[in-house]
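If you want the building blocks of each chain, they are given just below.
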Amino acid sequence: MKRVTIIILASLLTTMAAMAQKGLNINRLFDGRYKKAVGATEIIVTGSQASEIGLTVYHSVSVTDKAQAEIIEHLVVKDGSQAIDKEVEYRNGQLYYGFYTMQTRKHNNRYIFFLNQNLARKSPKNVVTLIYMEGEASAEKIKKLIRK
Amino acid sequence: MQDLQRHITSRQELEQLIERYFDGLTTVEEEAALRACLARCPWHSESIEDAQVVMGYFAALGKYQRHSAARTTRQRIAGIAASIVVVLSVAVFALWHQWQPMDECVAYVNGQAISNDREVMALVENDLSSIGNASQGMTAQLSSVGEALELDNE
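Just so you know, the protein sequences line up as chains A and B, in that order. So that you can map any letter, position 71 of the first sequence is 63 in our numbering, and since no number is skipped, the others follow by simple counting. So that you can map any letter, position 35 of the second sequence is 86 in our numbering, and since no number is skipped, the others follow by simple counting.
Derived from the structure by calculation, the hints contain no laboratory data. A virtual CB, placed ideally from N, CA and C, is assigned to each residue, including glycine. You may find that some hints are simply not true.
Unchecked claim - Stretch by stretch, here's where chain B covers chain A in the computed footprint (C-beta under 8 Å, at least three residues):
no., segment
1, 23 to 32
2, 45 to 52
3, 132 to 138
For reference, chain B alone in the conformation it holds in the complex (with noise of 0.2 Å):
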């Protein structure tokens, strides 16, 4: 590389590395030469000076980098960190939803949704209804069942 330094003795030369350089034909070795070149270049055209902003902008670019790939690992850790405590946030939401239910008050009959209160009690009476009668119907055949076993012991 100290070799290439030393060979780019004038601007001509210079200039035909920098066209060499955006053609993207210059190796690395010669691309190093360039930039240690232009970093104290006494030679001034417009093309030695675009090489020179785009090769300062490459530099700050690549320490920006750097800089972002350690601030992208952090942002990752914490959104992942994020999505937990969602899904925490959710379960804790649906657990609690559970132990709490909502008002509710229908009726399904048929396939056809019924959702006046009273209508819908009015089912619920008649449930109660149908099981309470076999419910006074079981205890009344125990208590005759009760009453022939006395009867039986007399």
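Chain A on its own, in the form it takes in the complex (with noise of 0.2 Å):
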């Protein structure tokens, strides 16, 4: 009967887990690691905040290190892979500038952005930026929010 219960719990947690990591490959980017980091910044933003400019969560990760920003680039780009809209420019082989729009979650939009200012033409600058953005605005509000 022990051995059952046993189980029976580490199958429950087992599950608890996958859940939580289930969606985009971008999650993992936000499992803390960068806000100890030196040249990191991440930005958490949900509730009233968020609200604010028409959103439930803004997640940012901006990066000056090379060897992150090559692991956020293939992240995106493999969560990219599963958009359902997007819009992407490519410079010298490497990812510039990408908007996703990706799969709804419990009725929530969901988009990713990134960007590459190391590959800008004015003004380059050493940053390479993740935006996660999750809420009930269409692409086209977000894309007048990131326009203003």
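Got two chains here, separate frames each, mind docking them using the hints?
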């Protein structure tokens, strides 16, 4: 009986973990690794502040480290392959800009933005940014938001 | 055992058997005979009364332990069921918590936490501005490509 109990508990915990990780590849970047990292910025906005810009979740990461930037680009491209809509620009074989509309989750729209400012023509900067947004806002609204 | 009971013919013999019992020297048969004898004992002494009390206690404890075993099984099942309910409740709460993100507005810049809402939202605007410029640049590029194509077709 004790063995059965342990098996049941282990199964439940495994299921929980699996469900928590279900979704996007970029989620693993939001595991807290950038909170103490030098040369990195992580922004998390949820709740009332997020709803002021029409979102339920705003989560971004900006890095200056080249190795981290490559990891981010790799994961973004991986998720981007599953996007239902995308706008992308490559420069010199690298992803410069990406705007991906992902499958909805619990009636919320989901968007991924990527920008490698190292590849900007005017005033390049050593920064690679990933932004994840979730909310009821349509893609058009989001585009208006970023172009304000 | 009946032979043994027949041999306990005096108070002295009984007290000797009681002494052997408390010294842990009696066999199972001797113990049973002692118990039977004490149950209808015609003699009285302090050691006989002590033995009657102790034997009576062990008899009662035996009944309690059998009853306890059944209770323990039921308790165990109830405990397991309660554990499962607790785990399920935690799982449901954790999942619900995922669906309902808590109010959070924080930024970590070079390892330093910033929790001032205004400062955090300023960083958000900075992010969006960079993305917006790139996006507009792309749109402008597409427009100029479109214009060039139109000119070409004229």
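Against the structure, the hints:
1. 23 to 32: holds (count 7)
2. 45 to 52: Check passed, 5 qualifying residues.
3. 132 to 138: It holds: at least three residues are needed, and the segment 132 to 138 of chain A offers 3 whose Cβ sits within less than 8 Å of chain B.
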